[in-house]
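Undergrad: Here are the chains, one letter per residue:
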Amino acid sequence: EAGVVQSPRYKIIEKKQPVAFWCNPISGHNTLYWYRQNLGQGPELLIRYENEEAVDDSQLPKDRFSAERLKGVDSTLKIQPAELGDSAVYLCASSLGQGSTEAFFGQGTRLTVV
Amino acid sequence: SQQGEEDPQALSIQEGENATMNCSYKTSINNLQWYRQNSGRGLVHLILIRSNEREKHSGRLRVTLDTSKKSSSLLITASRAADTASYFCATDGWSSGSRLTFGEGTQLTVNP
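Here the protein sequences come in this chain order: V and Y.
Using my numbering, the first residue of the first sequence is number 1, and each one after it goes up by one.
Using my numbering, the first residue of the second sequence is number 1, and each one after it goes up by one.
Hints listed in this document are in silico derivations from the structure and should not be mistaken for laboratory results.
Backbone N, C-alpha and C fix where the C-beta goes; we use that ideal spot for every residue, glycine too.
Please note that the accuracy of each hint is not assured.
As the list claims (entries may be wrong) - Covered stretches of chain Y (chain V as the covering partner; in silico rule of three or more C-beta atoms under 8 angstroms from a C-beta of chain V): (1) 43-49; (2) 100-112.
Said to hold, decoys possible - Some chain Y residues near chain V, calculated using beta-carbon distances under 10 angstroms: (3) Glu6; (4) Asn31; (5) Thr84.
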């Protein structure tokens, strides 16, 4: 069974440019998470989807971040415009949902904003 | 905001020794989970303990949970160099709507 797939693995952009990350969760997983992880810290939740509905986006900086999960499967996370402080690893994870929170993570996208 | 706090922040031991990491959290939980992260990789689920459980084992891992103290510990017995990684606890609870919230992690180094 394929795991959570993220792309790209690495991205370097200049500040003020837009950037997008893509995530394909494990088939059949209803819950999808986007986390941001700064160096030496734990992951911080940005947004959580249950199927196609964003049920927890209170920590998403909505002035510059947006996300979508069309048809309740793949998801994209976008930053526009990027700032220097956005440099981090962006992790996507999925879980079965319906009370099951054991999360399976992708390899992450390491974003560097210069 | 982080729910959990791991202690210690960093731990260095010799191969064959046991490693103990602690996690404290703030609000009531449904479950507490432990994850491992190797450098530059995603997180891997290790073990889940429910709020009504006190101890759980999986291979060389032993997890305890004390809900009265809002704390958990992860014990890795007979450590190996391959256990070198960061270890995170994560909690979810009714008040958070099943949000999975991670602590800051413990960096474990096992020296050969």
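Undergrad: How about Y:Glu6: closest beta carbon in chain V under 10 angstroms, or not?
TA: holds (8 angstroms)
Undergrad: Can Y:Asn31 be said to touch chain V, with a Cβ gap under 10 angstroms?
TA: Y:Asn31 check passes; min Cβ-Cβ to chain V is 6 angstroms, inside 10 angstroms.
Undergrad: So is the segment 100-112 of chain Y in contact with chain V by the C-beta rule, three or more residues under 8 angstroms, or is the coverage claim wrong?
TA: holds (count 6)
Undergrad: Quick check: the segment 43-49 of chain Y, covered by chain V? Criterion 3+ residues, Cβ under 8 angstroms.
TA: holds (count 4)
Undergrad: Min Cβ distance, Y:Thr84 to chain V: is it shorter than 10 angstroms?
TA: violated (16 angstroms)
The structure does not agree with numbered hint 5 stated previously, though it agrees with all others.
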